[in-house]
Structures are given as structure tokens and as C-alpha cells.
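Assemble the whole structure, with the sequences as input and the hints as a guide.
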Amino acid sequence: MLTRRIIPCLDVRDGVVVKGIRFRDHVEMGGIVELAQRYRDEGADELVFYDITASPQGRAVDRAWVEKVARVIDIPFCVAGGIRSADEARAVLHAGADKVSINSPALERPDLIDELAAAFGVQCVVVGIDSLRDADGEWRVRQYTGDPTRTRALARRTLDWVDEAQRRGAGEIVLNCMGADGVRQGYDVDQLAAVRAICRVPLVASGGAGALEHFRDVFAQADVDAALAASVFHSGTIPIPELKRYLREQGVAMRI
Amino acid sequence: MTASIVLVDSGGTNIGSVQYALRRLGVEARMSDDAAEIRAATHVILPGVGAAAPGMARLREARLIEVVRGLKQPVLGVCLGMQLLFERSEESDTPCLGLIPGRLRLFPQDTGLRVPHMGWNSLSMRAGSPLLRDIDDGAFAYFVHSYAAPLGDYTLASTDYGGAFSAVVRRDNFYGAQFHPERSAAVGATVLRNFLAL
Chain A
1 MLTRRIIPCL DVRDGVVVKG IRFRDHVEMG GIVELAQRYR DEGADELVFY
51 DITASPQGRA VDRAWVEKVA RVIDIPFCVA GGIRSADEAR AVLHAGADKV
101 SINSPALERP DLIDELAAAF GVQCVVVGID SLRDADGEWR VRQYTGDPTR
151 TRALARRTLD WVDEAQRRGA GEIVLNCMGA DGVRQGYDVD QLAAVRAICR
201 VPLVASGGAG ALEHFRDVFA QADVDAALAA SVFHSGTIPI PELKRYLREQ
251 GVAMRI
Chain B
1 MTASIVLVDS GGTNIGSVQY ALRRLGVEAR MSDDAAEIRA ATHVILPGVG
51 AAAPGMARLR EARLIEVVRG LKQPVLGVCL GMQLLFERSE ESDTPCLGLI
101 PGRLRLFPQD TGLRVPHMGW NSLSMRAGSP LLRDIDDGAF AYFVHSYAAP
151 LGDYTLASTD YGGAFSAVVR RDNFYGAQFH PERSAAVGAT VLRNFLAL
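If you read the protein sequences in the order shown, they are chains A and B.
Mapping of the first sequence onto my numbering: residues 1 to 256, in sequence order.
Mapping of the second sequence onto my numbering: residues 1 to 198, in sequence order.
Simulated from the structure, these hints should not be mistaken for laboratory data.
One or more hints might be untrue.
What follows is a list of derived Cβ distance ranges for each label pair [unchecked claim]:
(1) Glu213(A) <-> Asp153(B): 44 to 54 angstroms
(2) Val72(A) <-> Met31(B): 11 to 21 angstroms
(3) Gly179(A) <-> Pro101(B): 48 to 58 angstroms
(4) Asp93(B) <-> Arg200(A): 19 to 29 angstroms
(5) Gly15(A) <-> Ala57(B): 36 to 46 angstroms
(6) Gly152(B) <-> Asp147(A): 51 to 61 angstroms
(7) Arg59(A) <-> Asp153(B): 45 to 55 angstroms
(8) Glu138(A) <-> Leu198(B): 53 to 63 angstroms
(9) Gly179(A) <-> Gln109(B): 48 to 58 angstroms
(10) Ile256(A) <-> Arg193(B): 18 to 28 angstroms
(11) Ala197(B) <-> Glu108(A): 24 to 34 angstroms
Stretch-level coverage of chain A by chain B, calculated; a stretch enters the list once three of its residues show a Cβ under 8 angstroms from a Cβ in chain B [claimed, not checked]:
(12) 1 to 7
(13) 68 to 74
(14) 83 to 96
(15) 121 to 131
The C-beta atom is built at its ideal place from N, Cα and C for all residues, glycine as well.
So this is what it looks like as C-alpha cells:
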């Protein structure tokens, strides 16, 4: 049986893992390779690394640390951050990443999704979406969320973008619900369920994990394929082995 | 005899990851698209990520199709590399190496199955093989693919995703794993170690 995935997310800045609240005020959490190894040993199913300043600074991901991770890690990992072309994606994939995730550059130029899918296959192409509910009740996409001074609210509806991204060749969607992110009050199950209803590729929930029950709820109610979290894992608030045992007891298929 | 392992450079982006996985086992593998070097290896690995048609095109350009077909030493195809061992793939209706009968089919999407099949899924043992020594029935491996091989007498292990498909295959000296041993933690390392012991 295909199991649901637990994915620690490591936000990388200047070679270290950091975490902030609502994307601001980042605090250092530790070295990239050390944390990656720890999560692998604890039973994480996959890792995501976001070079959070690459896109706002208009540069590509630093492939040196991608290669360091690939040498030691024997579970899949995805790299995100400022990947704007097939050449840049190729460099990251050849350095050992299994998937690349694109967000702001795909919004600038949606053809990038088609180009990456054609060059490497849809299974390598993850589209990350930062989404927030507006005053009119509609979920819309945000861009350049790595830098609060540059973050832009777009007119694009989140559901429209999910639809377009998968038609263009996204092999997986990571939906980061910004309203829930960093405040540990649970995943945005309503929004994730709405996206799930139109999403035919694997869907990863991101933003809001604070307790064991939040993971159970997002799998049970939004039927996502994977749940991503950062601070609850980095801080040790939720140990991954305990989380996976709990979820299995709750009837969620888990690799243990 | 000292093992000399060659990774066939068929353009797959996972070739580096497979090389690192072997290095973690203390084994140095060379990447090569040189016919003589490939023929001289004790073990040959055909990695691969991507689509069948460019994968075959790359082997053709490197004049490696007959070289791979003629190999007598243990050969392990990984993911797309396993798929290329079969006769054909529905993916762009591509003729493949034809070393194992059967054709790769796209997972049915009309049933609500999410495609690609991505994540950790369990292996059901169908036939004993040294390649799967010390791997338990139900062990988890990491998959990511949209096309799958049918079951046959060559199936060593199967996996279920909208029906059973071949997860590990063998025909003569040609072995294949649909999952990624280089990304399947301890289970993957065991498969690679077993392969090198063949």
C-alpha cells in the first residue's frame, strides 16, 4: 500500500537551516547535512530544502550543498529556490536532487513548467504555491514570499493556478497556506480539501502543523499525499517516530 | 575477481545519486558510455529518470543498444532503466531493448488514481532471488513513475497501485527495479549490496 509521506522542510539561508514565523525573523536551526541526516535516521520519508533567499535575490540555488546532501542522504529530496531555467534545474538534479520545486519563477513565466517536464519528466517537477485567503473569501497566490518587502499579492486564484500547473506538467503540488503558516494551529484543511478536489497529481500540505492531531486531520479530511512541516520537527516538539506511530494507530498508512 | 562497476551514462539525472549510493557501500563505480568499458565491467547498472523515448535515443546515439543487449554479466536497470529492458513502452509508443517481454502502461487515471505514483510503497515477494536476500515481504521502497510493467514469470516482487505491477524483475542476467534503490534507505542499500554480490 502506498503510504502517506512526512516531509520535514529545511529553509536554507547562507548555508544554514533557518525558520521564522510567517516567513519573517529567521532564526538559525542548524547545519544542513546534520539536520538532513537526523531526519533520515528518525524516519522522514522525504526532505525539502528551500533556498529561501535565492528567488528574491534573483540567483539560483547553491549546488554545493545539494551535492553534500546527496552524498549522505538515502531518501528522496527536493530542492527549491530561484530555479528559472532547464539549465539551472539540470544542475540541481545532476548534483543529486530528486525533484526541483519552482514557485515564483513559474508565476513569472508559466512555460517554465512545460520546459522542465519535457526535459526531465513530470516526476521531477514540483510546483510550490503560496496561497492566502483574501478579504473577499477567495484564495489567491502570493509571489516572492521569501522576502516580506517584495512579497506580492497576485490576481491569480489559487485553484486556477493549481489547474494550470498540472496541465502544464507539474508532477506534484505543494500548497503552502500562508494564513496557517508558522502559527501551529493546524493545516488549512478547507483550502487543502478544495485543492485536492481538482488535483490529480500528488498534493503536499504545508503550513500550520503544531500538534499530532493536525497531521491526522489533514490526511483524514483533506486526503493529501504528504504533510510538510518545519519548526515542530526542528524544535523537537513533535518527534517524527512518535508522529508516525500515532498516525498509523489512527489508520493512516505509514512507513515505519 | 575484483568487482568493476559501470554506470551506463544514458542521460538519467539520477546517475550521480546511484554513484553516491554505491560509494556509501564502499564501492567506486565509473560512469561510462564507452562500449569496451561497459563490456569489461563485472556489473553494469543502467540508471535512468525521465521519459522512455529520450532514454532510448540516448542509448542509440551512444551506439549502446547492441552493447547492452549483448551483456552477459549482471545488469541492473533502475526505474526508467528497468523499463527500457522491456519490449515497448506506451510512453510515446517507444520500442525498448526487448530483453524482457511485455510493455509498459500508463497508470489508469480515470479511476482517481494520482499519477505519478510517488512515495513509499510495499514490496510483495513473488519469487526467491539472491537480489532480494534479507528483504522482508512488505518492505517499503521509494517509487516515482507514471508507467508500470505488467506481471510475468520474470516478476520477483510486485507492488500494488491501482492493481499489481512488477516492482523487481529478472530475466537471465538482466535485473530491474522500478523503485529507486539509491533513495530507498536501508532496503535500497540491501538491494544494491545483493546485486554487487551476484
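Legend entry - Non-conforming hints, listed in increasing numerical order: The structure breaks hints 9, 11; every other hint is satisfied.
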